[in-house]
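Here the protein sequences come in this chain order: A and B.
Under the numbering used here, the residues of the first sequence are numbered 53 to 357, in order.
Under the numbering used here, the residues of the second sequence are numbered 53 to 357, in order.
Since the hints were derived computationally from the structure, they do not count as laboratory data.
Incorrect hints may have been included.
Given that identical chains are not distinguished, each listed pair holds provided it fits within a single copy or across any two copies.
Listed next, the in silico BS3-like pairs over lysine-lysine satisfying Cα-Cα at most 30 Å (straight line) [claimed, not checked]: (1) Lys-340 / Lys-254; (2) Lys-72 / Lys-237; (3) Lys-214 / Lys-340; (4) Lys-214 / Lys-159; (5) Lys-237 / Lys-340; (6) Lys-340 / Lys-185.
Protein chains: 2
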Amino acid sequence: MSVLVVGSVALDSVETPFGKADEVIGGSGTFFAASASHFTPVQLVGVVGNDYPVDKLEPLRARHVDLSGLERAEGESFRWRGRYRHDLNAAETLETRLGVFSQFRPKIPQAFRQAPFVFLANIDPRLQLEVLKQVERPRLVACDTMNFWIESRRSDLIELMKHVDVLLLNDGEARQLTEHNNLVKAARWILDRGPKYVVIKKGEHGAFMFTASTVFFAPAYPLEDVFDPTGAGDSFAGGFIGYLAQRGKLDEAHFRRAVVYGSTMGSFAVERFSIQRLLEIGPDDIRKRLDAFRQLVAFEEDMPA
Amino acid sequence: MSVLVVGSVALDSVETPFGKADEVIGGSGTFFAASASHFTPVQLVGVVGNDYPVDKLEPLRARHVDLSGLERAEGESFRWRGRYRHDLNAAETLETRLGVFSQFRPKIPQAFRQAPFVFLANIDPRLQLEVLKQVERPRLVACDTMNFWIESRRSDLIELMKHVDVLLLNDGEARQLTEHNNLVKAARWILDRGPKYVVIKKGEHGAFMFTASTVFFAPAYPLEDVFDPTGAGDSFAGGFIGYLAQRGKLDEAHFRRAVVYGSTMGSFAVERFSIQRLLEIGPDDIRKRLDAFRQLVAFEEDMPA
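Just chain A, with the same shape it has in the complex (with noise of 0.2 Å):
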C-alpha cells in the first residue's frame, strides 16, 4: 500500500566532524521519501522554490517515488545550515531561511487522496490538520513535529493529536510537549489524548514504542562511524510507517518489526550526507542489518538454576 508524505525538501549544509556539505538534498519529506521507498511506493508533497536542483530528485523517482505532488514556486527553496560537533546527538543550527516554505500551504493532489497511509513530517500543526481534511480516511495516519511547534503551536498540536494514531517524537520534545521528565509518564500522557502509539526517539540511545498496555524498545545500532546525524529521525519515520504500509497489517507484532525497521533506516541514513547512503542500500543490506539487530538483543531462555 503506498503512503503519502507531507514535509519539507530543502538543501541543507551540513559540517560535522568527519567533513562538509553544501546545499546538499534534505528535509523531512526527503529523507522519509527516501526510507520509506525501500518497503513501498511513496508519494511526496512539499514545496521547492525555482533554484532547486529538482534533477538531483530523479533517484527517487526511479524508487518509486511519485513526485507529482511538489510544488514549484516562485522564490528561494528551503535551506538550513547546521553543526554537529563531537556530541553527534545535538544538531547546532546555523541558519534556517523558509524561503517558498513559508507560505506553503499543502495541496493533496486528487489521486493521493486516497492513500491508506499518511505521514505528516515535521511542519506547523495547522497544515497538518489541513492534510487531514483533504485525505479521505486513511488506514493509518502518523505524524512528527519539534520543539519550536510545541511552543508556538501548541493548541494546534493537541487537536491533531486527536486525529493521528502514531505520533514520532524524540525524548527532548516529548518532556517539553508533556511536562513530564520520565518518558513513561510522557507517554502516557499521549497516549491519554489521541495517539494509540507513540514513539519516543532517543538518538543514539535507541527509541520506545508505547502503546496503552504495551511498551517495546529497539537500540540504536552501535556504528563505529557516524557521520551526519541529519534525517535520522526521518529516514526512522520512513522505515518504521514504510514497513507498515507494504504489510498492510496493523497488529502489535508488525509494529514492534516497524521499529526495528525505522532503526535500520535511521542507522543507514546517518553513514552519508544527505540521503546518499539510503540511496546506495538494497534489500541485502537491509536483511542484513535487520539481523544484526536481532543479534543485538538476543539471550535465550534461560534454564532454571
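Since the structure of chain A is provided, determine the placement of chain B on it from the hints.
Chain B in isolation, oriented as in the chain A frame:
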C-alpha cells in the same frame, strides 16, 4: 560458586527530587553484595570506622553475605553526600569524606583466597592489583573504576586491565579512559588491552557488552519512578557476576543473560533509597522483571513480503 567482592562500605546521604535519606547504608561493595546475594554466596572485603552501624548489615549476613572480611578500623567511616536533580543520570557530589577508607589496604582472609569469582569494585587500581596478588587463580575477575582513577592512576589502571576478564564502566568513563567518543571504538581500545568482555553502562539508556567479535545490548527497564539512582551500577555488577557465579558457565549465552540480570538488579536498586529494595525482593520479583525485559525487546521473525 561464591563471589569475592572488594569495595567500599559507606554511609550515604542522598537528596533526590523525591526525598532525602541521611547516613544510610551505601558503598560499592555493599550494593554489589546485596545484589549478587540473590544468586550466590558473597564474601565481602572492605573497611568501616568504629562509628559504622554494623547491625544494619545484618540483613546481608542473613542473605549469605560473609562479612568476616569486613575490617573495623579506628576512625570515621567513608561518607558520601550527593544530590540528583531532574536528570537522574547525573549525581552531584556534595561531600566525600574518605575516613578510614583512605588507609584501606585490602587483606583477603585465607578462607576467601580461592574464590572462583572476584569483583574488584571501584577502588584505587593499585589496591585492586594488590587484591589480585592475594587470590589464587580465580575463574573470572571483573572490575569497575571511575573518573578519579582514570585521571590519577591511569598507568596502574592499564596494568590492572591486563589481569581482568571483564571491565565494567559507564559511557563517560569509557570515553575518558580511551579518548574515543564512539563507544564501539572505545570498546575495541579496551579489548586490545586485556579484558575479554567490556560492559559499558549508560544509566537509563541501557548497557552494551562487547567482545572481540560480538556486541550485545540490554535497555534499562523503563521505570515510571526512579527514586534514587545511587548504587545502580554496583547492583548491575552484582546481578551480572552473581548470575555467572551461580551458573558457573562462561559462554556467550550466559554472558548475555548476565547483562540482563545486571539490568534487572539495577532496575530494582533505583526504586528505593540505599539497598532497601534489594533486600525486599525475592526470586519471583526477579523472574517477573526478567520476563518484562524479554517482552521489552521481543520481536518475532519477519515473514517474506
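With identical chains, the pair Lys-214 and Lys-159 could be close in the same copy or across copies; at 30 Å between alpha carbons, which is it: within, between, both, or neither?
within (22 Å within a copy, 65 Å between copies)
Given a CA cutoff of 30 Å, do Lys-72 and Lys-237 count as a within-copy pair, a between-copy pair, both, or neither?
Close across copies (23 Å), not inside one copy (39 Å); limit 30 Å.
I want to check one pair: Lys-237 and Lys-340. Are their C-alpha atoms no more than 30 Å apart within a copy, between two copies, both, or neither?
between (35 Å within a copy, 21 Å between copies)
Evaluate Lys-340 and Lys-185 at a C-alpha cut-off of 30 Å and name the case that applies: within, between, both or neither.
neither (40 Å within a copy, 46 Å between copies)
With identical chains treated as interchangeable, where does the CA-CA distance between Lys-214 and Lys-340 reach 30 Å or less: within a copy, between copies, both, or neither?
The answer is neither: 38 Å in one copy and 35 Å across copies each exceed 30 Å.
Copy assignment of Lys-340 with Lys-254, given that the CA separation must stay at most 30 Å
both (23 Å within a copy, 26 Å between copies)
In summary, the numbered hints that this structure violates are 3 and 6.
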